[in-house]
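Visitor: Just need the whole structure built from these sequences, with the hints factored in.
Chains A, B and C, in that order, give the protein sequences. Counted from 1, the first sequence has number 148 at position 139 by our numbering; the numbering is strictly sequential. Counted from 1, the second sequence has number 344 at position 335 by our numbering; the numbering is strictly sequential. Counted from 1, the third sequence has number 138 at position 129 by our numbering; the numbering is strictly sequential.
No wet-lab data here; the hints were simulated from the structure. Keep in mind that this is a model prediction, so the values were computed, not measured. No false leads were mixed into what you were given.
No copy labels: a pair is met if it fits in one copy or bridges any two.
Result set (DMTMM-like, lysine to aspartate or glutamate): computed pairs, CA atoms no more than 25 Å apart in a straight line:
#1 LYS217 to ASP309
#2 LYS351 to GLU69
#3 LYS217 to ASP59
#4 LYS355 to GLU68
#5 LYS169 to ASP125
#6 LYS140 to ASP291
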Amino acid sequence: MKKILSFILLSAIFVSCGNRCEFTNAQFETPGCLRGMPINATFLDEVSWDIPHQNWGVEEWDKDFRAMRDMGINTVVLIRAGLGRWIAAPFESILATEDVYYPPVDLVEMFLCLADKYDMAFYFGMYDSGKYWHIGDYMKEIDLNIKLIDEVWAKYGHHKSFQGWYLSQEVSRRTKNMTKIYAEVGRHAKAVSGNLPTMVSPYIHGVKTDQVMWGDKATTVSEHEYEWNEILSNLEGVVDILAFQDGQVDYHELYDYLVVNKKLADKYGMKCWTNFESFDRDMPIRFLPIKWEKLLLKMDMARRAGMDGAITFEFSHFMSPNSEYSQAGHLYDRYCEHFGIKNKWKNR
Amino acid sequence: MKKILSFILLSAIFVSCGNRCEFTNAQFETPGCLRGMPINATFLDEVSWDIPHQNWGVEEWDKDFRAMRDMGINTVVLIRAGLGRWIAAPFESILATEDVYYPPVDLVEMFLCLADKYDMAFYFGMYDSGKYWHIGDYMKEIDLNIKLIDEVWAKYGHHKSFQGWYLSQEVSRRTKNMTKIYAEVGRHAKAVSGNLPTMVSPYIHGVKTDQVMWGDKATTVSEHEYEWNEILSNLEGVVDILAFQDGQVDYHELYDYLVVNKKLADKYGMKCWTNFESFDRDMPIRFLPIKWEKLLLKMDMARRAGMDGAITFEFSHFMSPNSEYSQAGHLYDRYCEHFGIKNKWKNR
Amino acid sequence: MKKILSFILLSAIFVSCGNRCEFTNAQFETPGCLRGMPINATFLDEVSWDIPHQNWGVEEWDKDFRAMRDMGINTVVLIRAGLGRWIAAPFESILATEDVYYPPVDLVEMFLCLADKYDMAFYFGMYDSGKYWHIGDYMKEIDLNIKLIDEVWAKYGHHKSFQGWYLSQEVSRRTKNMTKIYAEVGRHAKAVSGNLPTMVSPYIHGVKTDQVMWGDKATTVSEHEYEWNEILSNLEGVVDILAFQDGQVDYHELYDYLVVNKKLADKYGMKCWTNFESFDRDMPIRFLPIKWEKLLLKMDMARRAGMDGAITFEFSHFMSPNSEYSQAGHLYDRYCEHFGIKNKWKNR
Numbered sequence: 010m011k012k013i014l015s016f017i018l019l020s021a022i023f024v025s026c027g028n029r030c031e032f033t034n035a036q037f038e039t040p041g042c043l044r045g046m047p048i049n050a051t052f053l054d055e056v057s058w059d060i061p062h063q064n065w066g067v068e069e070w071d072k073d074f075r076a077m078r079d080m081g082i083n084t085v086v087l088i089r090a091g092l093g094r095w096i097a098a099p100f101e102s103i104l105a106t107e108d109v110y111y112p113p114v115d116l117v118e119m120f121l122c123l124a125d126k127y128d129m130a131f132y133f134g135m136y137d138s139g140k141y142w143h144i145g146d147y148m149k150e151i152d153l154n155i156k157l158i159d160e161v162w163a164k165y166g167h168h169k170s171f172q173g174w175y176l177s178q179e180v181s182r183r184t185k186n187m188t189k190i191y192a193e194v195g196r197h198a199k200a201v202s203g204n205l206p207t208m209v210s211p212y213i214h215g216v217k218t219d220q221v222m223w224g225d226k227a228t229t230v231s232e233h234e235y236e237w238n239e240i241l242s243n244l245e246g247v248v249d250i251l252a253f254q255d256g257q258v259d260y261h262e263l264y265d266y267l268v269v270n271k272k273l274a275d276k277y278g279m280k281c282w283t284n285f286e287s288f289d290r291d292m293p294i295r296f297l298p299i300k301w302e303k304l305l306l307k308m309d310m311a312r313r314a315g316m317d318g319a320i321t322f323e324f325s326h327f328m329s330p331n332s333e334y335s336q337a338g339h340l341y342d343r344y345c346e347h348f349g350i351k352n353k354w355k356n357r
Numbered sequence: 010m011k012k013i014l015s016f017i018l019l020s021a022i023f024v025s026c027g028n029r030c031e032f033t034n035a036q037f038e039t040p041g042c043l044r045g046m047p048i049n050a051t052f053l054d055e056v057s058w059d060i061p062h063q064n065w066g067v068e069e070w071d072k073d074f075r076a077m078r079d080m081g082i083n084t085v086v087l088i089r090a091g092l093g094r095w096i097a098a099p100f101e102s103i104l105a106t107e108d109v110y111y112p113p114v115d116l117v118e119m120f121l122c123l124a125d126k127y128d129m130a131f132y133f134g135m136y137d138s139g140k141y142w143h144i145g146d147y148m149k150e151i152d153l154n155i156k157l158i159d160e161v162w163a164k165y166g167h168h169k170s171f172q173g174w175y176l177s178q179e180v181s182r183r184t185k186n187m188t189k190i191y192a193e194v195g196r197h198a199k200a201v202s203g204n205l206p207t208m209v210s211p212y213i214h215g216v217k218t219d220q221v222m223w224g225d226k227a228t229t230v231s232e233h234e235y236e237w238n239e240i241l242s243n244l245e246g247v248v249d250i251l252a253f254q255d256g257q258v259d260y261h262e263l264y265d266y267l268v269v270n271k272k273l274a275d276k277y278g279m280k281c282w283t284n285f286e287s288f289d290r291d292m293p294i295r296f297l298p299i300k301w302e303k304l305l306l307k308m309d310m311a312r313r314a315g316m317d318g319a320i321t322f323e324f325s326h327f328m329s330p331n332s333e334y335s336q337a338g339h340l341y342d343r344y345c346e347h348f349g350i351k352n353k354w355k356n357r
Numbered sequence: 010m011k012k013i014l015s016f017i018l019l020s021a022i023f024v025s026c027g028n029r030c031e032f033t034n035a036q037f038e039t040p041g042c043l044r045g046m047p048i049n050a051t052f053l054d055e056v057s058w059d060i061p062h063q064n065w066g067v068e069e070w071d072k073d074f075r076a077m078r079d080m081g082i083n084t085v086v087l088i089r090a091g092l093g094r095w096i097a098a099p100f101e102s103i104l105a106t107e108d109v110y111y112p113p114v115d116l117v118e119m120f121l122c123l124a125d126k127y128d129m130a131f132y133f134g135m136y137d138s139g140k141y142w143h144i145g146d147y148m149k150e151i152d153l154n155i156k157l158i159d160e161v162w163a164k165y166g167h168h169k170s171f172q173g174w175y176l177s178q179e180v181s182r183r184t185k186n187m188t189k190i191y192a193e194v195g196r197h198a199k200a201v202s203g204n205l206p207t208m209v210s211p212y213i214h215g216v217k218t219d220q221v222m223w224g225d226k227a228t229t230v231s232e233h234e235y236e237w238n239e240i241l242s243n244l245e246g247v248v249d250i251l252a253f254q255d256g257q258v259d260y261h262e263l264y265d266y267l268v269v270n271k272k273l274a275d276k277y278g279m280k281c282w283t284n285f286e287s288f289d290r291d292m293p294i295r296f297l298p299i300k301w302e303k304l305l306l307k308m309d310m311a312r313r314a315g316m317d318g319a320i321t322f323e324f325s326h327f328m329s330p331n332s333e334y335s336q337a338g339h340l341y342d343r344y345c346e347h348f349g350i351k352n353k354w355k356n357r
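Guide: Below, the structure is given as structure tokens:
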């Protein structure tokens with residue numbers, strides 16, 4: 010018994026005292042080190058398109074919401090209520106007409122409970138059929154989502170954390186009638202909910218999009234401005250937060266796009282957020298957490314461009330101390346150091 | 010000394026009492042949640058084709074066999090004795106004629122010792138030349154395996170866990186003479202071993218096969234039935250367990266295939282197992298553990314189709330609490346919860 | 010309090026005594042198991058081309074240098090001072106003329122401090138513009154690096170661990186004027202530093218190069234010998250260590266190449282090292298740690314071919330007990346067992 014106790018104590022001594030590192034990161038920081046803007050929101054990518062699943066239950070999610078809050082995140086955005094046959098909760102309006110799989114968990118209720126607990130705002134992401142709007146049947150996409158909004162607001166609207174809507178379909182250009190979908194769905198969501206804010210997160214038609222990598226031509230900054238000026242002019246009063254994804258252009262091109270995006274958002278009375286991609290698009294493994302240096306570079310540009318807020322795609326895989334990709338935990342460490350946030354997750 | 014002790018105790022208190030999660034997964038389970046059939050077997054993918062290696066020694070394997078047993082697995086199947094130049098043990102019959110690399114570990118002996126220890130059945134997977142049968146030289150593939158069976162039975166047959174054979178070559182259609190290989194090799198394996206059971210695990214020529222993704226046409230359910238009726242008619246009495254892989258068709262197509270497979274197996278006096286793929290084929294990272302929701306969907310279909318058993322490809326990378334892909338451990342957690350299995354691996 | 014103490018003690022008893030594995034790896038080692046040559050050096054791949062980043066700070070790096078040393082590594086080689094727009098430290102000579110991103114950390118100073126601490130030799134890798142030499146403007150590549158060498162030697166040359174230079178541009182054949190870059194840059198580096206040794210690490214134009222996988226023809230062993238005889242004849246006295254990468258040819262082809270490389274190095278008065286790739290090129294995930302059996306096979310060939318030393322690409326992702334790819338830790342375990350090295354990192 011004594012021997013075991015000694016063993017434990019000696020282990021503790023070894024861990025806390027042995028093999029100390031006498032250096033600190035501050036010693037090696039460069040004099041002109043960039044200065045980022047902080048992240049206030051994250052997507053919740055549970056109905057995923059291309060990111061493998063972590064298989065978390067509520068305990069793991071509870072822990073992760075705590076890690077988010079500790080880092081300064083106060084808003085979580087459900088990436089979508091469903092994609093094709095997969096849905097995030099047993100929505101009766103969708104089960105009634107669509108050929109979807111019955112889900113095992115009510116993720117919407119779970120995320121709302123956790124957001125309530127941690128005093129966060131929850132934004133509900135719409136259902137993306139993955140087909141109707143692709144083949145031009147945009148009315149079907151609108152109808153489904155209007156019924157879904159009614160159902161969801163009735164069932165979950167009582168949660169104090171239910172504070173916004175996310176129009177989840179992702180486009181980079183004037184995709185056939187997408188503006189109409191955003192407008193109709195956004196208008197209805199605001200109408201039923203006492204004007205809760207709505208968010209969109211389009212992408213830039215840049216060199217790192219699949220389309221351009223497969224041969225399409227990237228748009229220039231001014232083409233981007235021209236096209237999005239037109240799109241946004243139709244969304245005034247319907248979209249409150251414009252949060253372009255920041256990963257489809259090259260790093261040295263990003264700042265100019267951020268400036269344009271901010272200008273456009275201001276023009277149409279929207280908040281301009283940036284969507285920091287926290288995964289690395291430049292590696293053969295698609296995708297693992299981004300290098301801190303790259304994230305910092307983008308955070309510095311966003312700060313200089315005067316963005317009104319920042320969401321990341323996404324915390325739980327790519328920035329979390331709880332992520333199954335443990336590189337993410339070290340990204341969290343670097344982030345906390347940069348902003349002088351006390352890191353409660355250092356010893357994990 | 011006292012200070013350190015306090016530190017340890019306080020840490021323990023913090024870990025066990027602080028930051029509690031007041032929610033349970035049961036609270037968020039949907040009312041109509043699907044109900045799966047359990048898994049009774051796994052492949053051991055040590056001579057791998059496309060899954061990176063975990064570099065485990067016997068200690069790590071011992072631990073993993075224990076985790077398998079704790080989850081209800083009672084059968085382990087060596088995926089193959091060798092593939093091309095790589096072999097699982099220093100088989101003299103293969104070293105004598107084939108240009109293979111001399112292996113560092115006798116994996117067959119190791120797996121048999123562990124299966125003995127944990128009261129499991131071990132199935133020995135054949136050598137896959139990776140060439141002879143591809144170029145039509147099927148007699149060479151048969152000869153090599155017949156000699157290998159003799160050697161292996163003489164050397165390892167005394168283990169109580171040596172309880173079956175796995176015909177490891179994988180096909181989806183009437184590949185040239187594969188039926189003859191199965192028949193000859195299976196017959197010989199049964200003959201030398203007092204009629205121990207034999208297993209095959211073919212795949213369905215579906216939308217997620219490499220062949221179809223590269224332009225070939227997927228077979229329909231009735232084409233599949235027609236072709237496999239002919240193949241299996243030549244394997245009556247030689248193959249005891251038919252375990253089709255379940256991942257090359259889309260989820261909504263799977264049930265119909267399972268029903269056909271069961272019908273065919275019954276017709277030819279075979280047990281019909283399903284081979285649950287526990288990795289995710291739909292992601293750009295090829296491959297990480299599957300989402301629990303997807304596995305459950307397949308397990309529900311297998312239950313409804315009346316399968317006689319279920320093997321998974323495979324436990325140690327994709328479902329194990331010891332896997333280097335830690336998502337796998339959470340899949341294990343979800344699995345245990347679903348079946349009400351006491352999870353001894355929760356705190357890992 | 011007492012209850013918690015009991016809990017801790019019981020946990021300790023359980024961990025140290027329960028579920029013991031009565032087997033050892035030695036029991037299952039094959040009688041003719043191959044015998045490798047040890048690794049004495051590693052690259053530091055912080056300005057990476059294709060390996061995702063681990064986001065380590067100095068604490069994590071300190072720990073990793075210790076793990077290297079414990080395994081027998083005495084030399085670390087910075088893979089490159091920069092690649093395109095990304096640089097490893099705020100080099101004034103590069104910032105002055107190149108459109109690069111300002112870095113957050115002085116990695117050169119950090120690695121030198123750690124190499125000093127752990128009594129290792131540090132080799133400085135050159136800046137790779139990623140463009141000038143590709144488009145034939147080799148003088149620009151040379152000029153940049155000559156200025157960089159002067160700056161770096163003045164700023165960091167006082168470190169006792171600064172013991173060599175690495176010519177970082179990677180080629181497999183007579184790429185336009187690369188010999189001139191190696192020669193000019195290498196000569197200058199040696200001149201300013203009192204003749205410190207220089208290293209190159211080319212690759213073989215084999216079946217696993219991107220070029221050949223995209224349709225180019227692999228060179229034969231004799232073509233390789235012919236071409237590199239000519240290249241090396243121009244580098245006599247400028248390059249001290251020739252360390253070909255060992256992963257672009259098939260395993261069964263490697264030995265013949267090693268023999269030729271050794272012969273060529275001897276002819277031109279160079280040390281012949283091998284560069285053990287410790288990642289697996291044969292898997293769909295590009296890249297995770299290599300299987301121990303494969304590494305051992307290459308280490309055995311290198312020993313038999315009489316190599317003078319061995320560097321690996323690279324320890325921290327693919328062989329380290331601290332790697333975020335935990336398979337790497339098990340590779341470390343296997344390596345230590347093979348060489349009878351006391352493994353201080355077994356319990357991690």
